[in-house]
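2 protein chains.
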Amino acid sequence: MALKHSKQRDLIKEFLMTRKDHPTADVVYMNVRQQNPNISLGTVYRNLTLLADIGEIARLRLGDGVDHFDADTSPHYHFVCTHCGSVIDLEMDDISEIVAQAGANFDGHIEGHVTYFYGSCSDCKKKELSS
Amino acid sequence: MALKHSKQRDLIKEFLMTRKDHPTADVVYMNVRQQNPNISLGTVYRNLTLLADIGEIARLRLGDGVDHFDADTSPHYHFVCTHCGSVIDLEMDDISEIVAQAGANFDGHIEGHVTYFYGSCSDCKKKELSS
DNA sequence: ATAAAATCAGTAATAGTTCTTAGTTTTAAA
DNA sequence: TTTAAAACTAAGAACTATTACTGATTTTAT
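As you go down the protein sequences, you meet chains Y and V in turn. Start counting the first sequence at 0; every next residue gets the next number (numbering that gives the first Met the number 0). Start counting the second sequence at 0; every next residue gets the next number (numbering that gives the first Met the number 0).
Just to be clear, a hint being listed does not mean it is correct.
One copy or two, it doesn't matter: identical chains are merged, so the pair holds either way.
Cut-off 25 Å, straight-line C-alpha distance, at most; resulting in silico cross-link-like pairs (SDA-like, lysine to any residue) [stated by the list, open to error]:
1) Lys125 <-> Asn104
2) Lys126 <-> Arg32
3) Lys125 <-> His112
4) Lys124 <-> His82
5) Lys126 <-> Ile38
6) Lys19 <-> Leu61
7) Lys3 <-> Glu13
8) Lys3 <-> Arg45
9) Lys12 <-> Asp25
10) Lys12 <-> Ser39
11) Lys19 <-> Tyr44
12) Lys126 <-> Phe105
13) Lys6 <-> Cys80
14) Lys125 <-> Phe105
15) Lys19 <-> Ala103
16) Lys6 <-> Pro74
17) Lys19 <-> Ile109
18) Lys126 <-> Leu2
19) Lys6 <-> Met91
20) Lys124 <-> Thr114
21) Lys19 <-> Thr114
22) Lys12 <-> Pro36
23) Lys19 <-> Gly62
24) Lys125 <-> Gly111
Simulated from the structure, these hints should not be mistaken for laboratory data. Source: prediction; values computed, not measured.
The whole structure should be built from the sequences, with the hints applied where relevant.
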């Protein structure tokens with residue numbers, strides 16, 4: 000299982016670090032191909048999964064049926080626009096105290112929570128108003 | 000678009016109301032077939048989607064790649080066991096004040112939030128301890 | 001240098017869900 | 001109560017995102 004270096008994995012990680020918009024595997028693939036046209040989609044998926052498993056990136060599941068990836072692994076929350084699908088970081092305080100609330104009347108062990116917010120992003124909100 | 004009655008839809012809704020474990024489309028299909036062996040999986044999917052769209056049931060996306068359905072549409076939170084995959088209702092107060100927190104430094108419009116918790120359910124917790 | 005292990009590209013396979021088609025029910029109105 | 005339009009159905013094809021398999025290639029510890 001010893002991890003070996005791979006140019007493909009470096010490329011994927013480097014690309015992801017340049018982006019703040021939480022791209023999907025397919026978007027990563029299309030972009031990374033511009034540097035390495037021979038890279039395969041399977042390699043992109045495998046490495047995204049591997050990087051997520053070792054904690055170097057985060058996998059986001061936002062209910063749209065597609066996994067998004069984020070090079071920013073610090074705890075933070077996301078907003079999903081239900082009109083254009085864009086995913087945006089939110090500036091807000093940590094709310095993980097809700098885990099204690101959830102555990103108060105629960106017999107199992109709660110390890111964590113998944114929270115994201117949805118609505119209209121700034122751009123889509125403007126378009127709605129002007130129509 | 001006027002909704003017409005359908006025996007299949009009734010059957011699906013009735014089945015879902017008997018369950019508190021948030022079954023998937025496939026589980027609904029397998030069970031509903033015992034009453035109507037000719038029902039098709041597509042019909043189950045179509046009606047679950049329709050019922051969710053008109054608000055009679057809730058569609059839950061819990062990050063496991065499968066949609067779960069819930070006849071209880073009142074606002075409440077869910078726990079997902081990462082070991083056995085079971086989905087359990089949590090008894091806890093409403094936490095939708097987090098929406099205001101999230102909107103404080105955000106330029107768009109936040110309509111709602113998705114939150115669920117994960118960890119080990121009561122049964123799986125016991126099994127871990129005894130191993 | 002070399003060889004075991006990890007990785008790769010390419011492609012087939014899978015899972016969950018939606019779409020298409022041709023025929024069947026439902027329902028409002030004649 | 002016929003009737004005909006609209007909604008609905010079963011069956012299965014198609015689609016999307018993802019994972020698994022293959023034999024060849026790269027990495028790295030010796």
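Hints versus structure:
no.	hint	verdict
1	Lys125 <-> Asn104	between (43 Å within a copy, 17 Å between copies)
2	Lys126 <-> Arg32	neither (34 Å within a copy, 46 Å between copies)
3	Lys125 <-> His112	between (32 Å within a copy, 21 Å between copies)
4	Lys124 <-> His82	within (9 Å within a copy, 41 Å between copies)
5	Lys126 <-> Ile38	neither (39 Å within a copy, 43 Å between copies)
6	Lys19 <-> Leu61	both (16 Å within a copy, 24 Å between copies)
7	Lys3 <-> Glu13	within (17 Å within a copy, 54 Å between copies)
8	Lys3 <-> Arg45	within (14 Å within a copy, 47 Å between copies)
9	Lys12 <-> Asp25	within (14 Å within a copy, 37 Å between copies)
10	Lys12 <-> Ser39	within (15 Å within a copy, 44 Å between copies)
11	Lys19 <-> Tyr44	within (19 Å within a copy, 35 Å between copies)
12	Lys126 <-> Phe105	between (44 Å within a copy, 17 Å between copies)
13	Lys6 <-> Cys80	neither (34 Å within a copy, 36 Å between copies)
14	Lys125 <-> Phe105	between (43 Å within a copy, 14 Å between copies)
15	Lys19 <-> Ala103	between (36 Å within a copy, 20 Å between copies)
16	Lys6 <-> Pro74	neither (28 Å within a copy, 48 Å between copies)
17	Lys19 <-> Ile109	between (30 Å within a copy, 20 Å between copies)
18	Lys126 <-> Leu2	neither (48 Å within a copy, 32 Å between copies)
19	Lys6 <-> Met91	neither (36 Å within a copy, 48 Å between copies)
20	Lys124 <-> Thr114	both (22 Å within a copy, 24 Å between copies)
21	Lys19 <-> Thr114	both (18 Å within a copy, 23 Å between copies)
22	Lys12 <-> Pro36	within (16 Å within a copy, 50 Å between copies)
23	Lys19 <-> Gly62	both (19 Å within a copy, 22 Å between copies)
24	Lys125 <-> Gly111	between (35 Å within a copy, 19 Å between copies)
Taken one by one, the earlier hints fail for this structure at numbers 2, 5, 13, 16, 18 and 19, listed in ascending order.
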